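For reference, the chains in residue letters:
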Amino acid sequence: MNKFIRIDMTSLGVKIEETPEKYAGLGGRALTSSFVADEVKPTCHALGKNNKLIFAPGLLSGTSAPNSGRISVGAKSPLTGTIKESNSGGSFSQKMARMGIKALVIEGMPANDKFYVININMNSVTIDEAPPEILGGTGNYKAIEILSAKYGEKVGIAIAGPAGEYRLPTANISFKDPEGNIRSAGRGGLGAVMGSKKIKAIVIDDTGAGQVPIADLEKFRAASKVFAQALMSHPVSGQGLATYGTDVLINILNEAGGLPSYNFTAGRIDHNDNISGETLNATITDRGGDGKVSHGCHPGCIIKCSQWYPDKEGKYITSGFEYETIWALGADSGIKDLDDIAYIDRAMDDIGVDSIEIAVAVATAMDGGLLTWGDGKAVLDAVKQIAIPTPLGRILGGGTAVVGKVCGLYRVPVVKDQGIPAYDPRPVKGIGLTYATGTMGADHTSGYCIAGNILNVGAKIDPLKKDGQIEYARAMQIGTAAVDSTGMCLFVYFGIADSPDGYQALIDMINAQYGLSLTAADVDKLGESVLKTERAFNKAAGFTNAHDRLPEFFEYEPCPPHNVVWDFTPEEIDEVYNF
Amino acid sequence: MAEEGKKTIEVRGFLHLDKTFREKYGKIPLVYNLEKPITGIELAKMLEVPQEEIEVIFVNGFVQSLDYTIHPGDRVAFLPPGCPGPYRIALGFYGKNQDNEANFRIKAKKDENPG
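Line order of the protein sequences matches chains A and B.
Position 73 of the first sequence, counted from 1, bears residue number 244 in this note's numbering, the numbering being contiguous throughout.
Position 57 of the second sequence, counted from 1, bears residue number 91 in this note's numbering, the numbering being contiguous throughout.
Bound-form chain A, shown alone (with noise of 0.2 angstroms):
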């Protein structure tokens, strides 16, 4: 991979440059946030023409490593403020790997008002005017269609929605999946950047690519062979989430107290039997018709959590229904009705939004009286407003810290700006602290891949309890840098956790492809290496350690039935990122 694409929205102008030598050793996070940080004035303004927006595949994708397919997209976040990384499946990031491509910067921003579709193939890469037809409210599953019947059916898609379009700060870049559906890059409002410049879509087609070119073909087959042998004979990725999703952490976290519900007033609710993955999978298995209990986001996903699930006649309602979204329309806002949840979760990916953010603010907007508690029907009706946009689907789409303002209310459940997803911080502390000290706001997924001798301390966690927690969530925060750098989805922990022969064949696989020898220390060093970057960006715009703290109502507001408050001091959790 050595081209590096730059296109100029000002100029409207397109170069392609051999890859700079300092980014030719990186993928993914590591190389859109080594680059947000190289060439984006840290206090810009997000949707102003200073910011850059890039897409990176990771650093085994287009390779047949399983689930390598994963793209990184970067740039300052108009939610947070702070540095952004976020990922997604679909078939991109394998293609522009195929074409060579090692990322894809878009700068600068037109004067004029005219949305513009990318083009990109292996002969050329051209700017043209977005067909006005997927303009204007147009949804993202027609929007796809029209793209796809317009430059083929095979290629891959970027899209920013109508939330894009109108650069709302909750507003994500879809990614067209193999099917034609729908996966995000959700969190933090990538796709108002995108917006911003007038990028309505990217279109990419690798017809005529060749393979990726691997230094030691027959030792990356056997680490791959290794490594997809972890992945399939471990309980969870190999069993669990392919029959039950993610969903099925519903039962599991509200057994635990630490399921946030009713805008992070309780840690347990009693309707969880209608929401779990267990139901969900039950559904999907009765309906049948286009019913998949198991799905992949991107070719070569071996994993496979992601499903359809079908409306009562079996018709495609939603993919990729995952557990934080259902919770947080389900407990967060006690809606008790698996199929509104999925009708909205639909509306969410069709408009372009972050479907964790959106639900998050419907609970607190709820909370401020904005919507009623448990009205599926109301919500639905307005997250559709965003496609408008109404006023009401302006605040929606504003997030979670806008309607807390909106409403006058205290407990608004962000960090850094961001909702906190469906793990509550009192019960399960571990979580909280690398919600108030991730890098780009509160995120589960920031936390989640070990990286060194972590299971000693793992086995002496209570999450009740504060010890070994600051190492944990240390662990836990390089340790993910580190794999969403290769495009590894981050679902391959589960079977790397508990194998190191798993994990070792994840870098050998590496070491194939590149002709390197990295060990599992240097493996380490680069997840901290990508967090100190980052870390170092958001002190530049401004961040300091008083915004790596929860929301205080945590601290007085006791979550039962455990009853527990967030009890770490300003200097334990500062203790986190001293590394």
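Hint data in this document are derived by calculation from the structure and do not stem from the laboratory.
Predicted model only: the values in this text are computed from it and were never measured.
Take the hints with a grain of salt, since some may be wrong.
[Stated by the list, open to error] Subject to a maximum C-alpha distance of 30 angstroms in a straight line, what follows is the list of computed DSSO-like cross-link-like pairs (lysine-lysine): (1) B:53 / A:483; (2) B:41 / A:475; (3) B:79 / A:631; (4) B:61 / A:548; (5) A:507 / B:61; (6) B:61 / A:486; (7) B:53 / A:486; (8) A:463 / B:70; (9) B:53 / A:507; (10) A:703 / A:636; (11) B:58 / A:507; (12) A:463 / B:58; (13) A:186 / A:321; (14) B:70 / A:483; (15) B:70 / B:40; (16) A:463 / B:79; (17) A:174 / A:325; (18) A:483 / B:58; (19) A:396 / A:325.
[As the list claims (entries may be wrong)] Partial list, derived from the structure: chain B residues whose beta carbon lies under 7 angstroms from chain A: (20) 39; (21) 57; (22) 59; (23) 63; (24) 102; (25) 106; (26) 115; (27) 116; (28) 117; (29) 118; (30) 124; (31) 125; (32) 126; (33) 128.
Ideal Cβ placement from N, Cα and C applies to all residues, glycine included.
Position chain B against the provided structure of chain A, taking the given hints into account.
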């Protein structure tokens, strides 16, 4: 906390045990008569849940190992291997499942370092 004076426990099963319990007992939670304390292992045997299908149990919202003592009035849930994410560590499974046959992989590798 067990509820005083109760002579039953509430039992839930997650993942595939959800379906198993619903088919066998008609509903979840199963309300099970219990007059004296028993261990999770004994309860699993009574309910015919194979030990290798249980990673940890929840008792009154706390993660416990399978040999933990259950009292009348308790709320119990059986969790098979399959909880995704880093939550097996964050929720304290690693401290409770080391001697459980269900965790063949963890048990076999507990002295090794993945990183």
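Handout entry: Violated hints - listed by number, lowest first
Key = Going through the list in order, the structure violates hints 2, 8, 14, 16, 20, 21, 22, 23, 24, 25 and respects the others.
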